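Student: As they're listed, the protein sequences go chains A and B.
Throughout the first sequence, residue numbering follows the numbering used here, covering 92 to 199 in sequence.
Throughout the second sequence, residue numbering follows the numbering used here, covering 106 to 220 in sequence.
Among the hints, erroneous ones may be present.
Have a look at the derived ranges for each label pair, beta carbon to beta carbon [said to hold, decoys possible]:
1) 168/B with 183/A: 41 to 47 Å
2) 114/B with 108/A: 46 to 52 Å
3) 115/B with 198/A: 27 to 33 Å
4) 118/B with 160/A: 32 to 38 Å
5) 154/A with 156/B: 33 to 39 Å
6) 163/A with 174/B: 21 to 27 Å
7) 183/A with 182/B: 42 to 48 Å
Under the rule of at most 27 Å between Cα atoms (straight-line distance), these lysine-lysine pairs were calculated in the DSSO-like manner [unchecked claim]:
8) 94/A with 162/B
9) 158/B with 108/B
10) 176/B with 108/B
11) 160/B with 94/A
In case anyone wonders, no lab produced these hints; they're calculated from the structure.
Just so you know, these numbers come straight off a predicted model, no measurement behind them.
Note that the Cβ used here is the ideal one computed from N, Cα and C, for glycine as well.
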Amino acid sequence: DAKTTQPPSMDCAEGRAANLPCNHSTISGNEYVYWYRQIHSQGPQYIIHGLKNNETNEMASLIITEDRKSSTLILPHATLRDTAVYYCIVGTGNQFYFGTGTSLTVIP
Amino acid sequence: DVKVTQSSRYLVKRTGEKVFLECVQDMDHENMFWYRQDPGLGLRLIYFSYDVKMKEKGDIPEGYSVSREKKERFSLILESASTNQTSMYLCASRPDRGFRNSPLHFGNGTRLTVT
Numbered sequence: 092d093a094k095t096t097q098p099p100s101m102d103c104a105e106g107r108a109a110n111l112p113c114n115h116s117t118i119s120g121n122e123y124v125y126w127y128r129q130i131h132s133q134g135p136q137y138i139i140h141g142l143k144n145n146e147t148n149e150m151a152s153l154i155i156t157e158d159r160k161s162s163t164l165i166l167p168h169a170t171l172r173d174t175a176v177y178y179c180i181v182g183t184g185n186q187f188y189f190g191t192g193t194s195l196t197v198i199p
Numbered sequence: 106d107v108k109v110t111q112s113s114r115y116l117v118k119r120t121g122e123k124v125f126l127e128c129v130q131d132m133d134h135e136n137m138f139w140y141r142q143d144p145g146l147g148l149r150l151i152y153f154s155y156d157v158k159m160k161e162k163g164d165i166p167e168g169y170s171v172s173r174e175k176k177e178r179f180s181l182i183l184e185s186a187s188t189n190q191t192s193m194y195l196c197a198s199r200p201d202r203g204f205r206n207s208p209l210h211f212g213n214g215t216r217l218t219v220t
């Protein structure tokens, strides 16, 4: 069974917040939640990660529910360059579980 | 910034050839990984290495081997390439240090076609 579940695709209007959900109901206590994005023909780019507290950096915010069974990646002001496939991953140490991602299209 | 460099972006090889994919990282990371990425299957781990000359099989090691003679370099070897090894190959690295379970850093991938 997949460790993470994401909607296959989403649209977002340029300038608006993009909220990308991820379910990880079987996450273990020591597993982190990571988010990456991949633009066509490039390698995945790291965005943010967290264990149980909400996190924010210059790219995005990560909201993890209190029971840690789901999380949301927030891109506060989406631009056309944010069009990509976004992957929610759980992992600890050298063990990472990748899902099949959400294809986000930012619409002008 | 961490830089993970894969030697080729595109590669075309014939069935039966021995193929070498090279990856170099410049941040002194202990751990290095090889994944392959296929549509609908996501990223699957082939092998990883946690130290020089040390390696661990991932989920799909069959048909592949690896070499890590120096800390910064991790090579993936296809002993006898087959058409079902046509894929995007991604190298990644991460350090052991850091208390917040450091993330993977990926290269830009090598798209291998076996004809």
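Student: Now tell me if each hint is right for this structure.
Tutor: Going through the hints against the structure:
Between residue 168/B and residue 183/A the Cβ separation comes to about 28 Å, which falls outside the hinted range of 41 to 47 Å. The beta-carbon spacing between residue 114/B and residue 108/A, approximately 34 Å, falls outside the hinted interval of 46 to 52 Å. Roughly 31 Å separates the CB atoms of residue 115/B and residue 198/A, a value that falls within the hinted 27 to 33 Å. A C-beta distance of roughly 44 Å is found between residue 118/B and residue 160/A, which places it outside the suggested range of 32 to 38 Å.
One distance hint, 33 to 39 Å for the beta-carbon pair residue 154/A and residue 156/B, holds here, with the actual separation near 36 Å. As the Cβ distance of residue 163/A to residue 174/B is approximately 43 Å, the hint placing it in 21 to 27 Å is violated. For residue 183/A and residue 182/B, the Cβ-Cβ distance of about 29 Å falls outside the hinted range of 42 to 48 Å, so the restraint is violated. The hinted pair formed by residue 94/A and residue 162/B meets the criterion: a straight-line CA distance of about 20 Å does not exceed 27 Å.
Distance check on the hinted pair: residue 158/B and residue 108/B sit about 22 Å apart at the alpha-carbon level, within 27 Å; holds. Between residue 176/B and residue 108/B, the direct Cα distance comes to roughly 14 Å. Compliance with the 27 Å bound is thereby established for this hinted pair. Restraint check: the Cα-Cα separation between residue 160/B and residue 94/A comes to about 25 Å, which is no more than 27 Å; the hinted pair holds.
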